[in-house]
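Q: Given the coordinates of chain D, work out where chains B, U and V should sit on it, guided by the hints.
Residue numbers (this note's numbering), protein chains in the order written: chain D, 1 to 212; chain B, 1001 to 1212; chain U, 2001 to 2212; chain V, 3001 to 3212.
These are computed hints drawn from the structure, not numbers from a lab.
Bear in mind that the values here come from a model prediction, so they are computed numbers and not experimental data.
Wrong hints could be hidden among the right ones.
To be verified - Beta-carbon label-pair distances, calculated as ranges:
hint, chain 1, residue 1, chain 2, residue 2, range
1, U, ALA2134, V, ALA3021, 29 to 35 angstroms
2, D, SER53, U, ARG2185, 47 to 53 angstroms
3, U, ALA2134, B, GLY1118, 32 to 38 angstroms
4, U, ASP2008, V, ALA3021, 36 to 42 angstroms
5, V, THR3137, D, ALA28, 38 to 44 angstroms
6, B, GLU1062, V, ASP3125, 29 to 35 angstroms
7, D, ASP162, V, GLY3126, 21 to 27 angstroms
8, U, GLN2011, V, PHE3095, 49 to 55 angstroms
9, V, GLY3118, D, THR138, 48 to 54 angstroms
10, U, PHE2095, V, GLY3017, 37 to 43 angstroms
11, V, ALA3021, U, PHE2095, 53 to 59 angstroms
We put the CB at the ideal spot given by N, CA and C, even for glycine.
4 protein chains.
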Amino acid sequence: MSTALPYDPQQLAHRAGELVANVRELAAAGWTPATSSNFSLRLDDSHVAITASGGDKSRLTEAGVMVVDLDGQPVATDRRPSAETLLHTQLYSRFAGIGCVLHTHSRNQTVASRLYAGPGHVRLDGYELLKAFAGNTTHETAIDLPVLPNSQDMRTLAAQVDALLDRQCVWGYLIDGHGLYTWGRDIAEARRHLEAFEFLLGCELELRKMHR
Amino acid sequence: MSTALPYDPQQLAHRAGELVANVRELAAAGWTPATSSNFSLRLDDSHVAITASGGDKSRLTEAGVMVVDLDGQPVATDRRPSAETLLHTQLYSRFAGIGCVLHTHSRNQTVASRLYAGPGHVRLDGYELLKAFAGNTTHETAIDLPVLPNSQDMRTLAAQVDALLDRQCVWGYLIDGHGLYTWGRDIAEARRHLEAFEFLLGCELELRKMHR
Amino acid sequence: MSTALPYDPQQLAHRAGELVANVRELAAAGWTPATSSNFSLRLDDSHVAITASGGDKSRLTEAGVMVVDLDGQPVATDRRPSAETLLHTQLYSRFAGIGCVLHTHSRNQTVASRLYAGPGHVRLDGYELLKAFAGNTTHETAIDLPVLPNSQDMRTLAAQVDALLDRQCVWGYLIDGHGLYTWGRDIAEARRHLEAFEFLLGCELELRKMHR
Amino acid sequence: MSTALPYDPQQLAHRAGELVANVRELAAAGWTPATSSNFSLRLDDSHVAITASGGDKSRLTEAGVMVVDLDGQPVATDRRPSAETLLHTQLYSRFAGIGCVLHTHSRNQTVASRLYAGPGHVRLDGYELLKAFAGNTTHETAIDLPVLPNSQDMRTLAAQVDALLDRQCVWGYLIDGHGLYTWGRDIAEARRHLEAFEFLLGCELELRKMHR
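Bound conformation, chain D alone (with noise of 0.2 angstroms):
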């Protein structure tokens, strides 16, 4: 029976639709290549809606999403997670505000990951853009986003982010190799934070490319 669910199956179905409509948008920019990427909701304050390990995510429907706990623990499902559930759930533990986190695969994202794995940021400075993220008010100003070593231990991996939420307020970050972290209080917002770093990081390495 659906009350015995530890959260709101219609609070679930309503999620999980608003997550396949922005995913496919997303797989549609071709941000997801090769079945990678995933993408997750807010259900209350100990669940999360999260898309399952691999697939197409062009092709994704509410089958392919899942509920997770705040500790990455599949819930009242036999569908496995996706490895790096735990870089989802640690953002919704650590901030009470945070309502989704997408993480993508574009080229820009990656290709900038590769470049700037070094300086361990990429800065993006005097761009009007820099408004897009929550809290910034004006282009006269820098944001730094980090860009943290791979590694295929998820708890490494955690620690890092932690490490990282410790010292500076961020809005993503970068894994080297792989791709992008952004999130926000919804999906509105997640999505805003997404399409601002692929722009900058697109015009970062466009410059580059004119070595500037």
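A: Just chains B, U and V now, kept in the frame of chain D:
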């Protein structure tokens, strides 16, 4: 009662529909990232229909279009106009023949604005597509697309634009780190100018990548 | 009465529909910026269906297709043909086997025309896709795509093209700062040639960005 | 009578539909320019469904899919198979576990084949997306994508591929100036491999434009 409105509501309905259809096409081209960009059409001698602040332009509806007067003040609405409304209305005030103003943020526009902020203009010459600008009948000409410094103070930006328009006849300008403003007598002409600037900036950037 | 027309109006209706469907696809690819580009199909021994001057090609309808004779003069219409009509009709006049002429303005075409205007041609060699050009059966060959100087005088341009065709067998040419003309026995062959030139020019430009 | 056919016609109908839907998506991505590229699915132990020679792949229909045996000979059809059919059937003959072979001509694939023809392979290392290749479980690895010389003699090409497969386990290869062959146990896996190669080649080319 609609008779109390200082503009023709049927004219607004018509223009809002035209604006929505066109803006969605520009958003689909990727020229309005992260809820940026704004767009307007002249309603009559003293009113302009303009997109309200923020919002994903690929989902723009008629409800996202509002009316301002030529000073940029909202008319018969409690919606907030974009901070950049003044850059639209100064053009309608100055030139009775302008019927449409388009402000976009494509990657080419933003990258070009960074590269050419130093010299203060992008020189476009020898291209057949220079004939796309109203009044040009040959490719044997050159156009300087001005690049203005960015500012969060719209009065400062507007004063720069006024000084520019005192000096030269132009169909558009870039703002550094920001994007393009372009205009025309109607939306078809303004889009033709927008497409021509976007194309020519793209060509110039490609040539620079090959160090020509 | 339609019986007074010097061409078969049913044939025109058929060809205009074919042209509209194909041109909209080329416009969607971004190869007709800012109302540029023009396209034609042979109707019979002495008539050609051709897109009228100007207009956004992504919105082309049958009403935007007109008939000219092989001298480029409008037939049974008061529409104005494109200034470049003569560059279409000279091909139909010269080669009875040509059924379609396509003139596009992609960014790759325009950039390549600027880069290779000096040598006067783009050498394409060693590509499997050279087999896409009618008559080629191997990649172990080379094609020189000519680049002609631009002119607003169509008689000058047409004379250059005639001199070129006297010298060599080609399936297309670039005009400096402008775009590509290509052709074939029917619209399918002409599009195959167009796609092949666009692809190969794109490859050459990419290789130049890597200084190879 | 269909009972005379050496393969199951219902199985063919099913596979042809699957192939058409997938090939149209690959064509929409721009990876099949100028009627190039070919695609196949295994029907049974001794038959393969493969796209017939030529034709715009964005308009592929079930009628454009034919059956060949494992020697590449047409079965129960007078259609002409692609000249490259042998490169498909040699894979099905050699590996019972292969269910799908995809051959595409994207710009990235062709450009990479030219750049890396000298060394004879493209080294891909340190990318998270290496995990997209069946059998890989970590980014801490490297894949060498072989680049073979082109030839119009399919026996020569097939012999090169056989020698390659004797030496190493690979999920694809490039042919110089030509394109990519990749495969998998079914169309979903083959497409995942195709998307991963395309993405990783694109990253490598971008990095080379920045001289890294």
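Q: Hints broken by the structure, by number, lowest first?
A: Going through the list in order, the structure violates hints 3, 5, 6, 11 and respects the others.
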